[in-house]
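Each chain, letter by letter, is given below.
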Amino acid sequence: MDDGISISVTEAVRVQPLSEASVALLRELVAHLRQSRTQLREEWARRITEAQLLTAMSKDEIFAEATAVYDNYVDVLETGSVEALQTYTRNLSERIIPRGVQTHEVVGIVLLLRDVLARSLFAKYQADFTKLNRVLDAYEPAANRIANTVGVSFVQERERVIRAQQEAIRELSTPVLPVRERLLILPVIGTVDPLRARQLTEQLLRGIRTNRARVVVMDITGVPAMDATVANHLVLTVEAARLLGATVIVTGLSPELAQTLVNIGVDLSKTDTVGDLQGGIEEAERLLGYKVSPVEESPKQL
Amino acid sequence: MQVPILKQRDYLIASIQAALTDADLLQLRDALVAQVGTFRSRGVIVDVTALDVMDSFAVRTLRDLAHMIRLRGAETVIVGIQPEVAFAMVQLGLILEGVSTALDLEEGLAFLDKKLKAGSRAG
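Sequence order for the protein chains is A and B. The numbering of the first sequence is my numbering, which starts it at 11 and goes up by one. The numbering of the second sequence is my numbering, which starts it at 23 and goes up by one.
It should be emphasised that the hints constitute simulated quantities derived from the structure, not laboratory data. All residues carry an ideal CB built from backbone N, CA and C; glycine is no exception. Hints are supplied without guarantee of correctness; some may be wrong.
Claimed, not checked - Partial pick of chain B residues on the chain A-facing surface, computed with a CB cut under 8 Å:
#1 Asp-77
#2 Pro-105
#3 Val-112
#4 Gln-113
#5 Ile-117
#6 Leu-118
#7 Ala-124
#8 Leu-125
Turn these sequences into a full structure, and let the hints steer you where they fit.
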């Protein structure tokens, strides 16, 4: 999906060949922007601070990033290629996303820069209205494309981070823990979606095989809600575990979850359920024939 | 392909080694039901570890087998169902209701030992 978007952005650049005249105008524009770089950059940084954008960053940082963005911006106007800007925005996003910078801030500052530059063009060409119009004709599509590129790159980077985090959560989310010979515990925490439910089943059935488990305690204290699909999947998992010769004890059904399951008509009557994890483990020990008793206080030996 | 049936102490063990046709399954069922009487066996173990597919006919035959053998006075355990097979079965609603299952041959033997000991103590 990543690639799809970036390709469409680059293609948009390619399918708009600029006429000779507008190329010349853009060149003039770029020269102007290079010349007044210091002044426009400061103006921009000032307006960012005024608009209270990028509050997570210090003034010096804003200025440093503003300089880099400004130079990249002018380069895009000059070359018409947004690739360097895309890469830069990805890097920038990677740095600022963990600090809580929002999409509206990023889009906001790019639009501010567009406005600052447009104003400077108004000021420069105010005497010649026709020329101003032609300059803006060349400037505006390029500027909008830049705003678009920066916004899309930022969102893409953020989506990439979110996907990576989801992946990490998923990997951590279903541990199968042997606690005694033949006894497994499967703590489930957080919302279970169909994908995770499938993964859970797979890990549980594999775990039963590799650990030669006879009893599994599935603790769902940490599951706030469940829909009919996932609940039925759970029932199937319990049945499948039985076919492998293991008993599954479900523990920690919250009152809300119990109500939901009964209301949506999920049949858990064939499943062993025990109130909490402690009770579940005690029941499992009973099934396996363990008896846990406290060690008697014995006089110190020797 | 015929499935060999081994007699081991009080038990009969049938270890399925390859996918069976419907006729083979019926033949296995009939042979087990007959031999339980011949050898006065008290338990039957059917090992399906080698099967990576179980269709509805196979599941129904195994279930009938278990019920028939119970009527002949013995217990049946199906052992070695693969995790993927197990989940595919329950998704199709083939849950072998009323039939005992165990992880593998060893577990199956342990299960029968325990069950028959408990039964003889009660009786």
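Here is what the structure says about each hint:
no.	hint	verdict
1	Asp-77	15 Å, violated
2	Pro-105	3 Å, holds
3	Val-112	4 Å, holds
4	Gln-113	6 Å, holds
5	Ile-117	5 Å, holds
6	Leu-118	6 Å, holds
7	Ala-124	4 Å, holds
8	Leu-125	4 Å, holds
Hint check: a violation occurs at hint 1 only; the rest are consistent with the structure.
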